[in-house]
Every structure is written in structure tokens, then in C-alpha cells.
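Peer 1: Given only the sequences and the hints, what does the whole structure look like? Please build it.
As you go down the protein sequences, you meet chains A and B in turn. Quick note, the first sequence lines up with residues 1 to 308 if you use the numbering used here. Quick note, the second sequence lines up with residues 309 to 474 if you use the numbering used here.
The set of hints was computed from the structure by calculation and includes no laboratory data. Note that the structure is predicted; figures quoted are calculated from it, not measured. Beta carbons are placed, not taken as given, at the ideal position from N, Cα and C, and that holds for glycine. Check each hint, because a few of them may be wrong.
Claimed, not checked - As a list, the in silico EDC-like pairs of lysine to aspartate or glutamate whose alpha-carbon atoms are at most 16 Å apart: (1) K379/B with E416/B; (2) K32/A with D346/B; (3) K387/B with D283/A; (4) K440/B with D421/B; (5) K139/A with D283/A; (6) K379/B with D411/B.
As the list claims (entries may be wrong) - Calculated from the model, a selection of chain B residues having no Cβ within reach of chain A, i.e. all distances over 12 Å: (7) N332; (8) S357; (9) T400; (10) E432; (11) S447; (12) A449.
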Amino acid sequence: MSDGTIFLEFILFPGLLFTALAGLLTSWVDRKVTAMVQMRVGPPLLQPLYDIRKLFIKETCVPEGGAIGLFLVAPLIGFAGVTLASMILWRTLLDVEATFVGDLIVLIYLLMMPALGVVLGSFASRNPLASLGGSREVKLMIAYELPLVLAVLVPVIQANSIRLGDLVAAPLPAGTVSGVLALLVGITCMQAKLTIVPFDMPEAETELSGGAMIEYSGPPLAMFKLTRAMMLFTLPVFLLALFFGGAVVGPGWLPKLIGLLVWFVLVALTIVIRNTTPRVRTDQAVRFFWGPVSGVAMIAVVLAWMGW
Amino acid sequence: MGYTINALTKSLNVFHLAGSACNNCDIEILDALTPKYDLERFGITLVGSIRHADVLLMSGVFNRKSAIRVKEVLAQAAKPYLVIAIGGCPATGLMFRDSYNCDGPPSEYIPIDAFIPGCPPKPEAMISGVVKVIEGLRSGALAPACLQEHELVPLEAGAVVSEAAT
Numbered sequence: 001m002s003d004g005t006i007f008l009e010f011i012l013f014p015g016l017l018f019t020a021l022a023g024l025l026t027s028w029v030d031r032k033v034t035a036m037v038q039m040r041v042g043p044p045l046l047q048p049l050y051d052i053r054k055l056f057i058k059e060t061c062v063p064e065g066g067a068i069g070l071f072l073v074a075p076l077i078g079f080a081g082v083t084l085a086s087m088i089l090w091r092t093l094l095d096v097e098a099t100f101v102g103d104l105i106v107l108i109y110l111l112m113m114p115a116l117g118v119v120l121g122s123f124a125s126r127n128p129l130a131s132l133g134g135s136r137e138v139k140l141m142i143a144y145e146l147p148l149v150l151a152v153l154v155p156v157i158q159a160n161s162i163r164l165g166d167l168v169a170a171p172l173p174a175g176t177v178s179g180v181l182a183l184l185v186g187i188t189c190m191q192a193k194l195t196i197v198p199f200d201m202p203e204a205e206t207e208l209s210g211g212a213m214i215e216y217s218g219p220p221l222a223m224f225k226l227t228r229a230m231m232l233f234t235l236p237v238f239l240l241a242l243f244f245g246g247a248v249v250g251p252g253w254l255p256k257l258i259g260l261l262v263w264f265v266l267v268a269l270t271i272v273i274r275n276t277t278p279r280v281r282t283d284q285a286v287r288f289f290w291g292p293v294s295g296v297a298m299i300a301v302v303l304a305w306m307g308w
Numbered sequence: 309m310g311y312t313i314n315a316l317t318k319s320l321n322v323f324h325l326a327g328s329a330c331n332n333c334d335i336e337i338l339d340a341l342t343p344k345y346d347l348e349r350f351g352i353t354l355v356g357s358i359r360h361a362d363v364l365l366m367s368g369v370f371n372r373k374s375a376i377r378v379k380e381v382l383a384q385a386a387k388p389y390l391v392i393a394i395g396g397c398p399a400t401g402l403m404f405r406d407s408y409n410c411d412g413p414p415s416e417y418i419p420i421d422a423f424i425p426g427c428p429p430k431p432e433a434m435i436s437g438v439v440k441v442i443e444g445l446r447s448g449a450l451a452p453a454c455l456q457e458h459e460l461v462p463l464e465a466g467a468v469v470s471e472a473a474t
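Peer 2: Below is the structure:
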């Protein structure tokens, strides 16, 4: 493959443009389902796009005394990370051969970058509320990364490979006991990775009034919002590729339909959890992830080792 | 200007600032944002930080101390923004207009786009007011007040703040 095609793939499909549009659509689904839960009508289809467009015409305010360079670069770090992650994921889903050794590990690191971007941006903005939000985000990352990696380990053990292509082509991990347990752990970690309720302490509208992003306005804020929307699209696809691999790749329309259905169920589950739970404290979240969630993840790994 | 106004009015993020108000207007503002009226249909959502806001809803009489705060908050907002004064207090001062600690109506020291009078105004009145502002902006009859030149009175109450700080 030539460099030009790779560049086009990064910009158009399945990279930047595709992921951004799909992410905005997903965030519309999120808002619409939330509205339905609250018995409202909800925003129009293009509302997420209007929100982003509006932010691009706004002024960029820079906080006095902040680390300006880092403040402006931080939103781009997460944006680049999630774009690359989505591109690697979709290339593998579309063509199982388009994979390289260890791309799963690259993917896990890339999916961590949006959270890192939020942390860097919040500390660079020199706002006490933002730095509180940033430190909460760091604690949350420490909490959920361990069970997430353990959950990812289950399909890896079952397929005996760390190449994403082999995992996607493997027979259904979600059909085994260990796979189901790991999927549950994965869904819980996804909730925290997206920093949505019950794990939205970094943003906490009511107490930190925007938290980590409090000082952002205009285009940098648009980048953060876009990154969040893209994560809401990409993370369910990540779980889909890991746990439903065998069912969703293949010729014909049926696997694609199953894939879309499973993706929608994962997104809807996230949104329903978000709308029916209150926010937990940071210490409760850390105890939850290092206690029960990691325990279940370890049991899943042992079961996978035993061939269940 | 047309593109800017269109982009702005399709997604208004509202920030709510109570300047020594009696809380009636604040309760009615929150009522207007409940599922019954469902303002998210028009892209109107409540945000927690003035940096994210496009509309500043202000209520209350704005006495010497809160007048300085509202100027500070507005200086932190990202342009273009709209300022909508809710209730009779910011418009006329009502019964507080001759009070010893009121330095005159806020329209003298901050750019205000619209007044929605009432004590308190009903949520329907607020929605109607916001719709009129949006229509005025789109038809070109209005322009965001923050982008225009104003002869605003500089506040002389700085001394009160420094006294309070020491």
C-alpha cells in the first residue's frame, strides 16, 4: 500500500471524517435516548454538528498565567489518538489481513490518549477547579486501566495472539463463560473511560462546573467535544471487535447487521446506565474498580486459561 | 455576519448568573429548562462555565458588589455572546431603585441584548423573549450588543471590593 492511500484513509475513511461524523451521530443517539428516558422530544439530528460549528465561530479565551502552548495542544493529543485508534480498528474490521503484530497494545495506548489530553489541558489552564478535575481523571485512569487490560487479556488468551486481525477472526469469545465476564468488565470500564455518569467526577457539572474543561472555549473546546463523541463511537466498536469478532466479520449482509445491532445495544446500555445512576465519589470508584471489577476480570482470565 | 449569527443561534448554551436576586426569577429560569418545555429541541442547554456560554441570563438588582462581579464574569466570556436580563430588577430596579447600595441599572455598565420583564416572568415569557432575540438577530434587526461600541459607565465601586478583601 502506498503512502498516499494511507493518508487518504487517515483523512477520509475510516479515519478522521468518518469517525467524526459517526461520533456526532452517536452523540445525537445519546442525547435522543436521554430525552426519551426523560419523556422529552430531544434535539434534532444535526444538533451535535450545530454545537461544534458554533464553537468554531467563538473566540478562544486563554487563561492568564496558564501554560498557553500546552493548553492549546492538549485537545489535539486526544483527537489524534482516537482518530488513529478508530482507523486501525476499522481497517482490521474491514480486512482481517490489515493487521500487524502488537496492534492491540498500540490500540490500548491510543485509546488512553484522550484522557491524557484532558489531564494535560486541565493542569495547563491554571484553574483550581480544572486541576481538581484533572486529578480526578488521573485517579479514574489508574482505577479502570487494570481491569480493562485484564478483560482484553481474555480474548487474547483464547485466540493465543496479540494481533487484532487474529482476535477479530477468532470464533466468538462472547459465547464462552470467561468471555461474558470479560465483556461485563469491559462495559463497566467503557463507562469510566468515557467519563459519563456514574463515573463523571472529572467533569461534575454541579460541583466543578465543567471541571477539567472549565477554561476552554471556542475551537479547543470543540476538539474536546468531538473527541468525546468519537470515543463514544469507537469504544463500543473496540469491544465489538474483541468479543464479537467471529460473528461480525465475513461476507454478506448478515454479519454487518449483527455487528450494527450489537454496537447499538452496547451504546444504548451505556446511555441507560448513565441516565439511571447517580455520580459516585472518586474513592468509591477506585474501590469499585480495584475490588469487584478486577476480581471478576481475574476470574475471567483464569477461566480463559482453563479453556472455558 | 449571517453565517456567524446562524451558527450562534442554532446552538445557544445558557449560563445563569444570579446577582443578589430574590431567587424567584432563578426558579423560573430553571423551570424553563425542565422537560416540560424541552428547550434542547432548539439546541438550548445549560452549562456550568461562562467560557462555554453563549447567553448570559442575569437576574437581580445588581448592587455595588455584584455589579463588579458581573463585569468580571462577562470579561471572561468568549465573544460573540448575548446578555439577557430576566425580571423587572435588572430593567428598572423595581423597589430597590433608590436603595443605598444600588449604583443604577446594569444596562449602564454592561451591554444587554434584551430585557424580559416580570416579577418573575413566566417560562413562556422567557422562551418568547429568547425567540424574539433569535428572530431579530437572524433578520438583521439586532446585532449582539457585545460586538458594538457602547458608552458604558466605568464602575466606581472598586473601593468597596478592596475594603471587603482586606
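Peer 1: With reference to the structure, classify each hint as holding or not holding.
Peer 2: Comparing the hints with the structure gives:
{"no.": "1", "hint": "K379/B with E416/B", "verdict": "11 Å, holds"}
{"no.": "2", "hint": "K32/A with D346/B", "verdict": "12 Å, holds"}
{"no.": "3", "hint": "K387/B with D283/A", "verdict": "39 Å, violated"}
{"no.": "4", "hint": "K440/B with D421/B", "verdict": "11 Å, holds"}
{"no.": "5", "hint": "K139/A with D283/A", "verdict": "9 Å, holds"}
{"no.": "6", "hint": "K379/B with D411/B", "verdict": "14 Å, holds"}
{"no.": "7", "hint": "N332", "verdict": "22 Å, holds"}
{"no.": "8", "hint": "S357", "verdict": "4 Å, violated"}
{"no.": "9", "hint": "T400", "verdict": "31 Å, holds"}
{"no.": "10", "hint": "E432", "verdict": "17 Å, holds"}
{"no.": "11", "hint": "S447", "verdict": "19 Å, holds"}
{"no.": "12", "hint": "A449", "verdict": "20 Å, holds"}
Comparing the model with each earlier hint shows violations of hints 3, 8; every other hint is respected.
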